[in-house]
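Asks: So the protein sequences, as listed, match chains A and B.
The opening residue of the first sequence carries number 2 in the numbering used here; numbering runs sequentially from there.
The opening residue of the second sequence carries number 2 in the numbering used here; numbering runs sequentially from there.
Note that these hints are calculated values from the structure, not bench results.
Quick caveat: nothing in here was measured; it's all calculated off a predicted structure.
Each hint can be trusted.
Covered by chain A, per the in silico footprint, the following chain B stretches (three or more residues, Cβ under 8 Å):
| id | region |
| --- | --- |
| 1 | 214 to 227 |
| 2 | 263 to 275 |
| 3 | 280 to 291 |
All residues carry an ideal CB built from backbone N, CA and C; glycine is no exception.
What follows is each chain in one-letter form.
There are 2 protein chains.
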Amino acid sequence: MALAAAVSHAAPPAKPTAAEVLQASRADDWRPLDPGRTLLMQLGATGDAKGGEVLIELAPRFAPRHVANILTLVRERYFDGLAVLRVQDNYVAQWGDPEAESAEKARPLGQAERKLPAEFEVPLRGLPLSRLPDVDGWAQVTGWVDGFAVAADPRANRAWLAHCYGVVGAGRDNPADSSNGTELYAVIGHAPRGLDRNITVVGRVLSGIDLLSSLPRGGANMGFYDQPEQRLAIRSVRVLDELPPDQRPALQVLRTDTATWRALLEARRNRREPWFVHRSGHIGLCNATVPTRPAPKPAS
Amino acid sequence: MALAAAVSHAAPPAKPTAAEVLQASRADDWRPLDPGRTLLMQLGATGDAKGGEVLIELAPRFAPRHVANILTLVRERYFDGLAVLRVQDNYVAQWGDPEAESAEKARPLGQAERKLPAEFEVPLRGLPLSRLPDVDGWAQVTGWVDGFAVAADPRANRAWLAHCYGVVGAGRDNPADSSNGTELYAVIGHAPRGLDRNITVVGRVLSGIDLLSSLPRGGANMGFYDQPEQRLAIRSVRVLDELPPDQRPALQVLRTDTATWRALLEARRNRREPWFVHRSGHIGLCNATVPTRPAPKPAS
Chain A
2 MALAAAVSHA
12 APPAKPTAAE
22 VLQASRADDW
32 RPLDPGRTLL
42 MQLGATGDAK
52 GGEVLIELAP
62 RFAPRHVANI
72 LTLVRERYFD
82 GLAVLRVQDN
92 YVAQWGDPEA
102 ESAEKARPLG
112 QAERKLPAEF
122 EVPLRGLPLS
132 RLPDVDGWAQ
142 VTGWVDGFAV
152 AADPRANRAW
162 LAHCYGVVGA
172 GRDNPADSSN
182 GTELYAVIGH
192 APRGLDRNIT
202 VVGRVLSGID
212 LLSSLPRGGA
222 NMGFYDQPEQ
232 RLAIRSVRVL
242 DELPPDQRPA
252 LQVLRTDTAT
262 WRALLEARRN
272 RREPWFVHRS
282 GHIGLCNATV
292 PTRPAPKPAS
Chain B
2 MALAAAVSHA
12 APPAKPTAAE
22 VLQASRADDW
32 RPLDPGRTLL
42 MQLGATGDAK
52 GGEVLIELAP
62 RFAPRHVANI
72 LTLVRERYFD
82 GLAVLRVQDN
92 YVAQWGDPEA
102 ESAEKARPLG
112 QAERKLPAEF
122 EVPLRGLPLS
132 RLPDVDGWAQ
142 VTGWVDGFAV
152 AADPRANRAW
162 LAHCYGVVGA
172 GRDNPADSSN
182 GTELYAVIGH
192 APRGLDRNIT
202 VVGRVLSGID
212 LLSSLPRGGA
222 NMGFYDQPEQ
232 RLAIRSVRVL
242 DELPPDQRPA
252 LQVLRTDTAT
262 WRALLEARRN
272 RREPWFVHRS
282 GHIGLCNATV
292 PTRPAPKPAS
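This is chain A alone, in the form it adopts within the complex (with noise of 0.2 Å):
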C-alpha cells in the first residue's frame, strides 16, 4: 500500500504508455455519472445466465428530443418486459417491443410522442470539440464531445455523433423522422460509420456493452430473431435518479476535455509497451475507448 500510494504521486514518465497515464490522471479527471440522462437497463429473466446490466449515458445535447422520449418511455416502464429482437454480427443488436407492428398488441406509448423529427446533425459551432489530429476518412473533423466520439464538417457547420462500438441509436423505416425512440440498437462490431448522418444517435453504452455483442446472432435477415423464445428479456430500464443513490452504479468516465485524455490519446498512438515493435503514430476516431472506472470509495 505504502509503494502503490508512492507510485501514484510520483510525475509521470516523459513518454508514458496509457497505463501510466491512467494512473497518473488527479481526481478531477473523472466525472461522475448524470443520474438524470444515464439508463441501467437489467437484461434477462431472474436467473437467466445471459442476463446482467447494461449502463447507457445519454447524448441530450445531440439528439434532444429524442432523449426527452425515451426518457419519458423509461419512467412509463416502456421498455419492461421487451426484448432484445435482433443481433446482426459485426453490426448491431437491437431491441424493443415485438408486437410493434401489431395495431392490437402493440405496447402503448402513453405520454411519449409518436414521432418526432430526425436528429441527425447539430451545429459545431459552440460545440466544446476536443479536436483529434489525426485524419480520420469519413470526415474533415474528429474529436469528442463529453466522451462521445463526433464528427464533423466545417464549411458546412455540422456536427454529429459517431457510429461508433457501444453506441445507441433509435432505429427507423424509411422516412427520416420515422425513428421515435421506441426501437433501440447498440454497435456491437466494425464502426458502421456509414450510417454517420443517416439516424439519429441517442447515446452509448458506457459498460454491459459485451452482453449484447456475445448474443446469439439471429439466423433470420438482418439477424432478426426467427424464434420468439431466442429473444433476451428486458427485465428492466431505469433512469439512475429513479433510483436509491445506493443503487446506482458508482462509475466514473474520463473527461475528455482534459490534459489526461489528450496524454492518452498519444500514448495510444505510440505504443511504450514493450510488446509493440511499431509506432503507429496514429488513432483512429473508433478505437480511442473512453476509460471509465469504479468510483473511488469517500474517505469514512
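Dock chain B against the given chain A, drawing on the hints supplied.
Replies: Chain B in isolation, oriented as in the chain A frame:
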C-alpha cells in the same frame, strides 16, 4: 423463376446498389476456395449448442513460414481437442493449447517448427494490389490482394495485412519472433489497426466468425477464461484437401481484382438504397467486407 432469370441478365443500373452489383456479377468474378490453404475448424464437442464451423483462408503470400507451419500442425492434428482460451470484448478470440506453458503437459509440436521469423511485412512492389482510393489514416496506401485487406508504405516499399474484423493472426510474447502458429486469434471487434506491423497475420475467417464473436467474454485479464469449463473445445481442424471433395464447404469468394468489386465499393461509398438520406462518399478499408456465396450447383 423466369423473371429472376431475366433480371439477372439485364444490364445493371448506372448507379447500382450493392445488391444490384452482386446480382449482375459474372461467374468469373468469383473464385473457389483453395483446398490447400483453407482450414475448416469444427468448434464444440458433439451436441454442444455453441459449436459450429469456422472456415479460415490462409495467406501464404504474406506469411509463408507461419502458414506452412500451421498446415503442418493441422495435418498432425495438433489443434484437435484444444480450445478457445480467451475472448476479449471488442478485440479478439484466441485458441490454442491450455497447457502450452507446461513443459510436461504441453502438446508436442511434432514436425512443426518451434521458432519462426516474424512475418509482419512483405515488399509492396510486385503485389497485385487493388487500390482503395479512400483515405485510411493508418497507412498511406490501402487496398486488397486476393480478398485480403492490405495497407502499405510505398516509400519504404512495405505492405502488410490490416487487422480488420475476422482477420486471423499468430499470438506472440514480447519477442517479435516468438509466434509459431500454435496460438491463433481472430479479430471480433472494431479493427485494432494498432496491431498492424506488430504481429504476424496468417489469414482471415471466411465464414463462421459469428461463432467466435458471440462466445462469452472471459473474466480474467485480457479476456482469458478463468474457469476451464468456460472454454469451447476445438473438435477438429482440417485442411480442405484432407476432406473428400463432397465434404468441403462449397463457398465462393468475390475476386477483388474485378470491375465487380470496384463497382461494389462505389455502391457502398454512395449508398443508393432508399433508406439512406446521406451518402458518405467514403468507405473504410475494414468496412468493405469481401462477399462470399454458396457455389452454384453444377448443371446436371
